[in-house]
Each structure stands twice: as C-alpha cells, then as structure tokens.
Amino acid sequence: MSTYTIPVGPLHVALEEPMYFKVEVDGETVRSVDITAGHAHRGVEYLTTKRSIYQNVTLTERICSLCSNSHPEAYCMAIETIAGIELPQRAQYLRVIAGEIKRIASHLFNVAIQAHLVGFDSLFMHVMETREIMQDVKETLFGNRMEIGANTIGGVRFDLDADGLAYLDAQLARLQPILDDIITHYRTNRSFIDRTRGIGVLTHAQALDCGVVGPVARASGIAYDVRVKAPYNAYDRLDVPVQTGTDGDVWSRAIVRLSEARVSIDILRQCAADLPAGETGPRERQIIPAGQTVAKCEAPRGELIYYVKTDGSPNPERVKWRVPSFMNWGALTLMLAEAKVADIALIVNSVDPCISCTER
Amino acid sequence: MPESLALLLSVAIFPGGAFALALGLGLKGIDRRVAARLQRRVGPPLLQPFFDLIKLSRKKTMVPDAACRPLFLALPAVGAASMLLAAALVPIANVYLPSPALGNMLVLFYLLVVPGMVLMLAGSASGSPFGAIGFSREMMLMLAYESPIVLVLVAAGLRAGGGDGIVLSLSDIAAYQQAHGAFLLDPAMWPTLLAFAAFLPANLGTVPFDTPEAETEVLEGPLLEYSGAPLGLFKVMSALKAVVVLNLGICLFFPATPDGLLPGLGAHLLKLLPMAAGVTLLRVSMGRMRVDQAFRFFFKWPLALAAAGIAAVALS
Numbered sequence: 001m002s003t004y005t006i007p008v009g010p011l012h013v014a015l016e017e018p019m020y021f022k023v024e025v026d027g028e029t030v031r032s033v034d035i036t037a038g039h040a041h042r043g044v045e046y047l048t049t050k051r052s053i054y055q056n057v058t059l060t061e062r063i064c065s066l067c068s069n070s071h072p073e074a075y076c077m078a079i080e081t082i083a084g085i086e087l088p089q090r091a092q093y094l095r096v097i098a099g100e101i102k103r104i105a106s107h108l109f110n111v112a113i114q115a116h117l118v119g120f121d122s123l124f125m126h127v128m129e130t131r132e133i134m135q136d137v138k139e140t141l142f143g144n145r146m147e148i149g150a151n152t153i154g155g156v157r158f159d160l161d162a163d164g165l166a167y168l169d170a171q172l173a174r175l176q177p178i179l180d181d182i183i184t185h186y187r188t189n190r191s192f193i194d195r196t197r198g199i200g201v202l203t204h205a206q207a208l209d210c211g212v213v214g215p216v217a218r219a220s221g222i223a224y225d226v227r228v229k230a231p232y233n234a235y236d237r238l239d240v241p242v243q244t245g246t247d248g249d250v251w252s253r254a255i256v257r258l259s260e261a262r263v264s265i266d267i268l269r270q271c272a273a274d275l276p277a278g279e280t281g282p283r284e285r286q287i288i289p290a291g292q293t294v295a296k297c298e299a300p301r302g303e304l305i306y307y308v309k310t311d312g313s314p315n316p317e318r319v320k321w322r323v324p325s326f327m328n329w330g331a332l333t334l335m336l337a338e339a340k341v342a343d344i345a346l347i348v349n350s351v352d353p354c355i356s357c358t359e360r
Numbered sequence: 361m362p363e364s365l366a367l368l369l370s371v372a373i374f375p376g377g378a379f380a381l382a383l384g385l386g387l388k389g390i391d392r393r394v395a396a397r398l399q400r401r402v403g404p405p406l407l408q409p410f411f412d413l414i415k416l417s418r419k420k421t422m423v424p425d426a427a428c429r430p431l432f433l434a435l436p437a438v439g440a441a442s443m444l445l446a447a448a449l450v451p452i453a454n455v456y457l458p459s460p461a462l463g464n465m466l467v468l469f470y471l472l473v474v475p476g477m478v479l480m481l482a483g484s485a486s487g488s489p490f491g492a493i494g495f496s497r498e499m500m501l502m503l504a505y506e507s508p509i510v511l512v513l514v515a516a517g518l519r520a521g522g523g524d525g526i527v528l529s530l531s532d533i534a535a536y537q538q539a540h541g542a543f544l545l546d547p548a549m550w551p552t553l554l555a556f557a558a559f560l561p562a563n564l565g566t567v568p569f570d571t572p573e574a575e576t577e578v579l580e581g582p583l584l585e586y587s588g589a590p591l592g593l594f595k596v597m598s599a600l601k602a603v604v605v606l607n608l609g610i611c612l613f614f615p616a617t618p619d620g621l622l623p624g625l626g627a628h629l630l631k632l633l634p635m636a637a638g639v640t641l642l643r644v645s646m647g648r649m650r651v652d653q654a655f656r657f658f659f660k661w662p663l664a665l666a667a668a669g670i671a672a673v674a675l676s
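Protein chains in written order, with my numbering: chain G, 1 to 360; chain B, 361 to 676.
Looking at chain G on its own, in the form it has when it is part of the complex (with noise of 0.2 angstroms):
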C-alpha cells in the first residue's frame, strides 16, 4: 500500500491551538511528520520594545493563558536583577503560592484532554470539574480565572490575609483527596492505560538529545526542575520533591503531571505555613537603569528562559524568550515515528505543546 498524505491542523478538534502537521501514512502508522508553525504569531517579542519596562508585566501576562503567571513572573525576575532590586521576603512567598496554583490548574488541564482523546469523556468531565476547585480558588484570591495578575516589578500585587489562607487550605482539603482519587485512576484505569502505554515513547538517551524540559524531560527519567535546581523565589526554603518517570511514554507523562499538582498541594500548604510577615512589594515605581540578565523560571510546561536588555530608557531594548514547548516540541518527530493515526492527537497532547507562547 502506498502511502498518503493526512492533515492533522491547522484546525483540529483534537488540537486546543493551531499547529499543522503535515502526516505521511501508511494505513494507520505514520511514515513522516511534517511540522509547520507560525499560525499564531501576533509578534508580542516586538511589541515589549514598544511598551515601558512596567507596561510590559500586564504584557507578557497576555502571551499565553496557561502559563500567564510564569511569563511575567520570569520578566520581572530578570529586570529586578538588572535594578538590583530584593525580592521582600513575603512577596517571594506569595510569587510561589500564585505559581503553584496556576500549575495544578494547567496541569490538571492536559491530562483532562488527555482522557478526552481517549474518548473517556465521563474521566475528562471528572478532571475539568475537579480543576474547576482552583479556578475558584484563583478567582477568589485573584479577582480572575486565568489572567490572575499577581506579578510586579519588586513584588506582587496581592495579598493573603488571614481569610485567604483559611479558605486557600479548606479549598486544597478539599482537592487533595479528589486529585488522590484520580490520579489512583489514571495509574489503573485499563482503558485509559491500555491507550497511553508504550505510546510516543521518548527514551532517556533521546530526551537527552533533544534537550527537553519540564514533564516530558521528567517523565523519560531526567531530574530537572528548575525549582531545585536553580531555585528562585523562596524555592530554596521548601521542600520540593521532583518526580520523574522512567519509560518516557505518554502514561508516564500524565502521571507526572499528576503528580507534580499532588505535590504543589504540599508546596502551597508550606507556603501557606511559613508565609513571613511584611511589604508585598514597593511602594514605589524605581527607574530601571541599563543592563542585561537571564532569568529562568520553572512554567508547567518546563524551563521558561527570559532574556532581558535594558539602556536605561523606559522601553526594554530587547527581551526574548525561549518557552519549554519550543524544546519539546522538536522531539514529536521522535515520539510519532511509526506511530498510529489513533495516538497522533495523544501524542501532541503529551507534551502539552503551548502554542501562542512558542509563536507569540
């Protein structure tokens, strides 16, 4: 049988943003994959050199709605190490609390979709109404369900009194032993293992290879999170297990979502418990002298790098970033070698590719 040509994108139920790959078959197994990107860029890298240093926070917020707290989190970072500026101990705090909610949200997020692909919708239901609780807890804390704002030059803008923190905890009390429940059914569940299993497998030696980060790095065996590693924030001060997979599939990456949003519950509650006393940010706005810096942050999706140059102007000379799915992505070529037509979709899905971060 020869082969053909199928287009998976650039619009496809299966896909949440748009992504062309252009899939060369035979029967039901891929022969080839084509990736062709550039659907979404709306040029934001451009635009920063075009807003004040301060502008660019709501900015950089409005690149991508899943990772809306790391990108600003990451710029401000970097232009307080250009202006020398020290992180007040409790805006440091709060900047994990903020962090560690958006993940188990996105988290919870994909393996959701991973279920709906499935075609387990009934677990997919289960999981978006369970992430539902922290899209309360955000709009609650927050004011909004994705944008949630909590980044500034020198600090945060919002603050946990003592009502906040009661109601954060009753709220993880009452995710945690739902989030238990689900993850007990993605490890056992035959029908949804059945599917995921051996599926899109990126071993150790290839994870390497390709330099992937984040959960796909984790979930084939690599222990890196930028949290321990390059620890940032109060990280340093909390206890922040790294969980890993060995086989690399896309069973292995849902589990380590899952189980980084189990352990982000321990990590908020730490926050929660150690949260000092004191100013959550400056007073006032500082003029940020010329410079450059790297900073790097720990997104959902993996090691989120934000470059930074200023020349003491109120607009940046130049910032850019490098988004973990622009290192992950690279490695669907690996993942979807002789795959089905069946797991295409599943296996786009497992590296939870964020598309407007990588094309902004």
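Rather than coming from a laboratory, the hints here were simulated on the basis of the structure. A few of these clues could be false.
[Unchecked claim] As a list, the in silico EDC-like pairs of lysine to aspartate or glutamate whose alpha-carbon atoms are at most 20 angstroms apart:
no.	chain 1	residue 1	chain 2	residue 2
1	G	340	B	652
2	B	631	B	546
3	G	340	G	247
4	G	50	G	317
5	G	340	G	34
6	B	660	G	194
Let chain G serve as the given structure and place chain B on it in line with the hints.
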C-alpha cells in the same frame, strides 16, 4: 387488509418506518441525557435528536469536489432504506409478526451489514483521507464483529430447532421461547448472550468501539464531509439501526410479553430501556479502543464465547 398494503404499512409506519424512527431518536435522546447526568452535566433536551434532524433537513448540502457525487449522495439513502426494511423484519412477541414474504433471519443478517458497507463506501466516496481511514477501520471492525453475530444467530436457531436442525425464522425462535421459556434464563445460551452483548456496542458504533467515527482521531471519518439532508439520513440510519439491533436482542433472548397489543408493546419498550441504558453506561465508563485492540478483542472473547455457545447448544 390486502397483504401488499399490510407489508407497506409494516415498513413505513409500524413497527418499522415512523414508529421505529421515533423510537430510535427517542432512545438517542435518552442516551444523551443519561450520559450527561452520569457526567454531571445538564445534557440536551430529550427531543434534541428530533430537532437535529429537522435542522439538518433544512440545511444546504455540500458535496466536495473530490467526491464521487452520485455515490456520495445515494449512499445515505441506501443505508436508511436498508434499516427501514430491517426494522419490519424483527418480530415483537404478541404485537407484530413479520410476513414471511419479507424474509427471514438471513435477510436480516445481510441487511444489518448494509450500514457498515454504506459507511465504508461513503468514506471512500467522499474523497477525504479521513474518510479513507474511516473506511479501513470500519472494515476491520466489521470483519471482527460479524463473525460472532453469525454464530449467535446460528446458536439461537439451533436451540429453537430443539435438536431437529436450525430454525431460520425469527418468529419461530420467539414462539419457541414463549413455549419453552426465554433463552435469557437458559444456561446453555449464556455464552451466546455475552457474545451478543459485545456485538451490540460495536454495531451501534459507541465507545469503546466508535473507532471508525472517532472525532478526536479521524474527525468522524466517513461522516466528515457530509452535511445537510444526507447527514440527516445517516442519523436516521443509525437511529433505526439501534432499534433493529435492540429489537433483535429482545427477540433472541427474552421475547415474552403479556397478551394484547398495548401491554405487549409497553413491555417491549420497558425491555428496550435497560438494554439501551447498558450501552450508555458502557460508553461513559471507559475510553475508546484502538482499532487493532478492538479487532483482537473480538477475535479473543466474543468469537470464543459464540463458538462456546454453539457447543453448549449442541451438547445440551
């Protein structure tokens, strides 16, 4: 009433035709509502499948340039017509006996293959690569589930024959059970019953066997290019097919109903509901199988069970 008129009525009004269509769409509405409630959603109104059908009938029909136009447009009608006829072929005990002129179990078996064939041809006639994948998946799945169903029909026929060969008339199989007790309560028929239970979701194309039309994998495969009235005819086909297959299950395993037209019909409908609920429950409680997994599953379990069913019938 002249026999030709009675035949026409049985195909067009009751128990095929309008009645079967309304029943099929009603069951679909219940299925969607129950599934939604099980997933803690509100779900669509019970009459949504009817609304969908009315909407589709008023929509414009698009035919892709790459499609084979006559075939593309004719196939949905062929599929719906085959099921219309099939619905008139299944007896409902105490309510309806199909005329022998319509045909026996073998005719029904052939008619039941038609929807699958139609979907396969429609997939390839649409000229879309996803349709082609749907074609190959439908073919594999049909190969897998058709062999157990043949054995199921043979086992039921043999059992109703009572040792003197095979009975090919569904009315006779139903009559035999009314005289000797339902096959549902007959241990020798239990393997056959299980094989039929596996055939049900595969033939209806629901999770875990909805691979040919999987939305997230092949964008509904053969149906991808269809729109308007032809798509509506496919919906009619699948609604009628659900009624035919469920009726067949009742006829093969527990046809007994109280005397009289209305009590008989009421009992029949009451039996349909748990069967349809079973399909719904299965569909919400698991994910989709890959086509090779489904293929292997059918050659492992239902086929073995159906063969064991024949052996059990032959031995007892």
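We went through each hint and held it up to the structure:
no. : hint          : in the structure
1   : G/340 / B/652 : holds, 10 angstroms
2   : B/631 / B/546 : holds, 18 angstroms
3   : G/340 / G/247 : holds, 19 angstroms
4   : G/50 / G/317  : holds, 9 angstroms
5   : G/340 / G/34  : holds, 16 angstroms
6   : B/660 / G/194 : holds, 16 angstroms
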